[in-house]
Amino acid sequence: ADGSEAHPVGDDLMAEPDASTYGTEDAEARLVRGLVQRIAPELPHERAVECYETLSRVFGNLLQSPSDPKFRMIKKASLQKKLGSSPEALSLLLIAGFDDQGDLYTLHPSG
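Take the sequence shown: its letters are residues 1 to 111, numbered as in full-length UniProt numbering.
Below are the EDC-like pairs computed for lysine to aspartate or glutamate, each with C-alpha atoms no more than 20 Å apart in a straight line:
#1 K82 x D99
#2 K82 x E42
#3 K75 x D99
#4 K76 x E53
Derived DEER-like restraints, expressed as beta-carbon distance ranges:
#5 P41 x K76: 22 to 28 Å
#6 S67 x H45: 31 to 37 Å
#7 S67 x E46: 31 to 37 Å
#8 D68 x A27: 28 to 34 Å
Simulated from the structure, these hints should not be mistaken for laboratory data.
Think of the CB as a built atom: it goes at the ideal place given N, C-alpha and C, for glycine as much as any other residue.
With these hints in hand, go ahead and build the complete structure from the sequences.
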């Protein structure tokens, strides 16, 4: 045939897909997806939910108001309470561009 073949959908939705599933997805996107998937198994359910909600709120606020400085600074102590002991959640913020500035995580304007 033409060399292309269908890839059946597996039963395990959390399984790491092969490269053909996402085509041109880059390594950073795969890393982010992997980090997101590892949060739930490492925390108790209620803590994982709070962690996901916090990340969703942080990134949602940035998408809605990217230039608002209040969404570009997060108190480290407050964030650690919400994210629990998840190094993956913190890694997601750092990958997004937040910098550790002592008692704050800050996201500097791009450009």
